[in-house]
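Engineer: Just so we're aligned, residue 1 is where the first sequence starts under the working numbering, counting upward by one.
Hints listed in this document are in silico derivations from the structure and should not be mistaken for laboratory results. Keep in mind the model is a prediction, meaning the values are calculated, not measured. For every residue, glycine included, the Cβ atom is placed at its ideal position computed from N, Cα and C. Any given hint might turn out to be false.
[Unchecked claim] Pairs of lysine-lysine residues, derived as DSSO-like cross-links and limited to a Cα-Cα distance of at most 27 Å, are as follows:
hint: 1; residue 1: 137; residue 2: 127
hint: 2; residue 1: 11; residue 2: 261
hint: 3; residue 1: 366; residue 2: 261
[To be verified] Quick list of the computed label-pair ranges, beta carbon to beta carbon:
hint: 4; residue 1: 362; residue 2: 173; range: 24 to 30 Å
hint: 5; residue 1: 195; residue 2: 110; range: 24 to 30 Å
hint: 6; residue 1: 121; residue 2: 272; range: 43 to 49 Å
hint: 7; residue 1: 160; residue 2: 65; range: 38 to 44 Å
hint: 8; residue 1: 179; residue 2: 304; range: 26 to 32 Å
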Amino acid sequence: MNNRELADQFKLIADLLEIKGEVVYKVLAYRKVADSLNNLTQDVNELWKEGRLEEIPGVGKAIAEKIDELLSTGKLEFLERLKTEVPPSLTELLQVPDVGPRKAALFWKELGITDLAGLEAAAREGKLRSLPGMGEKSEARILAGLEALARRGDRIPIGEAWPLAQELLAFLRKLPGVVAAEPAGSLRRMRSTVGDIDLLVASKNPGPVMAAFTGRKDVVRVLASGETKSSVEFANGLRSQIWIHPPERFGTALVYATGSKDHNVRLRELALTMGLSLSEHSFQRKDGSEILCDNEEKVYETLGLQWIPPELREDHGEVQAAKAGKLPRLITHDDLISDLQTHSKWSDGKLSILEMAKAARERGFKLLAITDHTPSLGVTGGVKIEDLARQRAEIDAAQEELGDSIRILQGAEVEIRADGRLDYPDEVLAKLDIVLASVHTSLRQPRDQVTARMIAAIRNPHVDIIAHPTGRLFPNREGADLDLEAVFSEAKKHGVALEINAHPARLDLDDTNARRAMELGILLTINSDAHSPADFDLAFFGVAIARRAWVTPEAVINAWPVEKQLAWLKNRGG
DNA sequence: GCCGTTTTCGGCCCGACTGTTTTCAGTCG
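Please work from the sequences and hints to get the whole structure.
Structural biologist: Encoded structure:
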């Protein structure tokens, strides 16, 4: 059982206990452990073997025993018994907006509803409205929520949400009386997926701004509209909400709206120790007087903290680090001066090498690796060995034309075949300037097999980088079941770099794994995987993942001076 | 169920909005 699978068990326990009506703090305790496990930078099995389970945040004696039972036997008696008391399928209902644990319990106990289909049928038959605390409007909201859920599915990739948010922000910023408009929520924290689009507006006159927002043509439903907060749904099922606060309170409001919830709780606890109560409006002293903050820096300063970049605000140690003045200098998009994974017409890219190099140069890159696919990945039209010399000639010609404004490398994204062999023989790899190795197929191999395959690639002396290590694709393809600890240990030993692939459908390594790699001192690389000029800009999302992983520029090859990048490649003997 | 600059018990952040209610529960972030 891996970290995520274990976390799922505890999330299920939390949901079931909540529906059962258990005291809320017990539920929160289980939920916190699920979150801790999901964000753990080590394999929980290692901690378990070393008897260090209680070092995991939120894990005490009782939960440590449950983890022990789950990892030893694969089952948990406590959970099995719980499942006989509350049907597990009831947790489906919690996905529906406006349905929480109390209503789920109500529907189950009064109407025998145990899943989404049952809820929808009952709502359509008008059976919900007569329940205590329910009415026609509540029933209609639940039906609307069910429809939105069906349309939208789950969370959406940040690559889709970000452009939509920019469009909404541009709209808001043009409205009269709007002083500022910023992204908030998981969007601003740059999580790889977001549930809805949160936006914060500064204005002294919120009424007309709210009206303009909720009155947009693409809004199909207004879910809430108040003085400080409104929430709407778009035709595709996506939801967005805005808060509007006066400019002099923008700082506290932005901290609040950005979250995460756990980060906010941490800040509020800290405020209380200083005799202050922190809300989205202000700090309040015990005598009722307020401290207003028009920007975030003032909020953190009042708490005796360094300003914390939004990407770190997950209650993963950032508040403690800020208190000690030890926040890392996070990498930025501007730090990147190379892109080490891109594709040209030689495989599945859209442009010639010269066109790609010009596009890279326009974006300020000084170094570009052309890393086309290899033949076994048939759909990409991989470069045959006999064509590599002609590709080299094209690179030389492009280099000639562009002079020293940008340096172009001949590389390859070499397929790691199902049996662990690479798609080019060593003598061919030896002639390339840079070699990335990656898996695209046979991702469902058993853990041992797929891990061995990856390790074999890392041990090949010509391989410089493992690209998108797990092979995951949003939203539907799970990554390979890799033993990442083993992969990390081997990468460290052989000095092979691991990629944070910036394509929003990949974002692989993810933030949690990238943080673990960083802690282990493994080199990282952030690449766009560009197949067309616009794709170069996707590096932005890769940087976001790196920032969420506390990554500094020193750890990222692409942020090094060109000569250092080239020297690293040369010294690897590739 | 966890946890400790109020420490081994008694707390555990703060508020907006809605709907069904005549003062509040439920949900959400």
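Engineer: Hints first: check each against the structure and report whether it holds.
Structural biologist: Now the hints, each set against the structure:
1. 137 with 127: holds, 13 Å
2. 11 with 261: Between residue 11 and residue 261 the Cα gap is close to 17 Å, so the pair holds against 27 Å.
3. 366 with 261: violated, 40 Å
4. 362 with 173: 24 to 30 Å: holds, 27 Å
5. 195 with 110: 24 to 30 Å: Since residue 195 and residue 110 have Cβ atoms about 29 Å apart, the given range 24 to 30 Å holds.
6. 121 with 272: 43 to 49 Å: holds, 47 Å
7. 160 with 65: 38 to 44 Å: holds, 42 Å
8. 179 with 304: 26 to 32 Å: Given a distance of about 28 Å, which is inside 26 to 32 Å, the answer is holds.
Checked against the numbered hints above, the structure violates only hint 3.
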